[in-house]
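There are 2 protein chains.
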Amino acid sequence: MARIVQKFGGTSVGSIERIRETAKIVLKEIENGSEVAVVVSAMSGETNRLLAMANSMSENASPREVDALVATGEQISAALLAIELNNLGVNSLSFSGGQAGFKTEGSYAKARIKGVDGDHLIAHMINGTVPVVTGFQGVDIAGNVTTLGRGGSDTSAVALAIALKADCCDIYTDVDGIYTTDPRIEPKASKMDTISYEEMLEFASLGAKVLQTRSVELAMRYNMPVHLRSSFNLIPGTMVTGEDSTMERAEISGVAYNRDEAKVTIKGIPDQPGIAAAVFGPVAAADINVDVIVQNISEDGFTDLTFTVPSADFKPTMKLLESLAKQLNAREIKGDTGVAKVSIIGVGMRSHTGVAKKMFEVLAKENINIQMITTSEIKVTVVMDEKYVELAVRSLHDAFGLAQAA
Amino acid sequence: MARIVQKFGGTSVGSIERIRETAKIVLKEIENGSEVAVVVSAMSGETNRLLAMANSMSENASPREVDALVATGEQISAALLAIELNNLGVNSLSFSGGQAGFKTEGSYAKARIKGVDGDHLIAHMINGTVPVVTGFQGVDIAGNVTTLGRGGSDTSAVALAIALKADCCDIYTDVDGIYTTDPRIEPKASKMDTISYEEMLEFASLGAKVLQTRSVELAMRYNMPVHLRSSFNLIPGTMVTGEDSTMERAEISGVAYNRDEAKVTIKGIPDQPGIAAAVFGPVAAADINVDVIVQNISEDGFTDLTFTVPSADFKPTMKLLESLAKQLNAREIKGDTGVAKVSIIGVGMRSHTGVAKKMFEVLAKENINIQMITTSEIKVTVVMDEKYVELAVRSLHDAFGLAQAA
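So the protein sequences, as listed, match chains A and B.
For what it's worth, our numbering labels the leading residue of the first sequence as 1, then goes sequentially.
For what it's worth, our numbering labels the leading residue of the second sequence as 1, then goes sequentially.
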């Protein structure tokens, strides 16, 4: 008998009607003969409503109290789904994070899951009861309610699947899987049947919002298969699993992009040891997430440093660098918000050579100027003028033969 | 240093603005030098909103899930009040019933408080922190969230005051105390400075909705003073305490009434042992709360039984009796929904004789016909035609000199 953890997001429990539909999906899985546990998010909009209340109360609301407040959102949807499952003749009990055995550590609003004691939920499941567990929350060692931060429900679901020794963690969402690229840009994009954890991590870090990075990392560590699928139909989605060594892999699996990028350059700084630390230390301290970094070849003892940051961090970054520039004797600070990243991703790169070269040729043929390049074992990323994004994505998707996978 | 538990109802935490006002009341008490713990209800309307969600999900929602759902209401108001107390520079932490140490037993939706482990809250208070505790809820021995039923927050507050060895439990509400009678009927009604637990119980059972009967019983058992006062001003309200033996008591303390009464009569049943049990057994089994009971003197071996029930139970009672009538060979069943109860209440009756006689004389003088009479040690209740209620209340209030207490 398969044991499945099903996770439903805010849209799937966003109204009485949607909860009824969601309960039917659970029932279907039970009728398939599976043992099921469910993880739910708050009804869509509820977390924001609660946060707005905290904010109108105080701009410096205590994180402990905000967590206690926000955690009620999932408790409401969990109870409602359990009620509807009972309606359908399914034994079901709702559990808050603490009741379900989620122990957390770290700070409020971004706690980490330290462990999940799944024994009593397993006992319930063996007795034919479906536990409906609140995602996104747990209790710390002192018994305080803590939340995992936005999107933490995916991580809750994977952690629960591991604790319950489940066969698979099904993440239901409003997309039906991972595509070879964004279908809004390339209509010939096709859905992948499987994707490896490593590839999924690269897609997630590029802003594919279907799965939280933390949840993929956790699934990878415990080799827990994650099935990303739509709550609007019963068509299989994309299975995120370990690499399948027996299968021939294509050169790349997909093309991703991100427009939310800005580029900053520090020109003419003395090229001496410790200069990168002197720049990136203060940047990191300001909680700014630096992505691609390029340091030019030194000329006359001076060099240029260029890096990208999320668009939202552009202004604070420029402000910070302007004050740093004097300290570091830099000649000039330049910024550009009109850039984007385009990446090709695939574990196939490990066995296929010349993938990066092919990418550069494709872009050159389209007269797209590459501003920066960075590579990892399974990804090549280029930074370009934002206006070329669609052209680049379509050309690469076509050149690497991804449309044919459909 | 006085230790005070302050309880605020739904209106006092009904909006961001009201929570700010409530926090000021807490701050004032701290500035008076008291150690304070707070108990809150859900924001007014929130419990009904949550119940409506459960009802629209299912008419037979599992009581366990309804409790888990509804309990979020107080968690929200507790967190918001703690946030506002922090705003005012007061250390404060919110606690759910379970976190605060409330252990319950009995069924969902009407659990009883088995005990409160107040040690860690006392430690917080000694360190200058104000615990804000959710009323109305706790956890049972298996860790399930349970609620105490409507109005249970008063009971939570008294139970917490006992567990924290508080000097007083202040119940803040939208009235400023207990009056000698309903000021809407008798404008000369005056606020009582003190009232005994026993008298308060009689008032509460007559529908004075300011304090739950359960909370008064609990306060009486542990001799915990309860200060009923308004959250709209800082004027002292009515202190509910043990009887003050040193004080000369007036004949009666107040006049109460209840219009939500209906009268039923079973005529001509054989007067034999066990007949009352044969009638009231099935009535009790149907969860109908019988109040005043009168059995006529037997005549020719037959008797009549008359009793009152809450108006809401009138129809099911009549239906039940009609089927019982045949079994019992009763001659006739009669019902009357146009009746009301008027009571005089006061521990002074114990030392003053002739109080009941005086009541009957006052009513006779006004030509008010008494249908039924029942008495307790500190109360005389008469059942009368509903149309006489105002006249009866005013005459009795005047005759017993209650207006002069103002």
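Heads up, a few of these hints could be off.
[To be verified] A few chain B residues that face chain A, going by a derived Cβ cut-off under 8 Å, partial list only:
#, residue
1, Arg64
2, Leu69
3, Thr353
4, Val355
It is worth saying that the hints were derived from the structure and are not from the lab.
All C-beta atoms, glycine included, are put in the ideal place defined by N, C-alpha and C.
*Report the numbers of all earlier hints that the structure fails to satisfy, in ascending order.*
Violated: hints 3 and 4.
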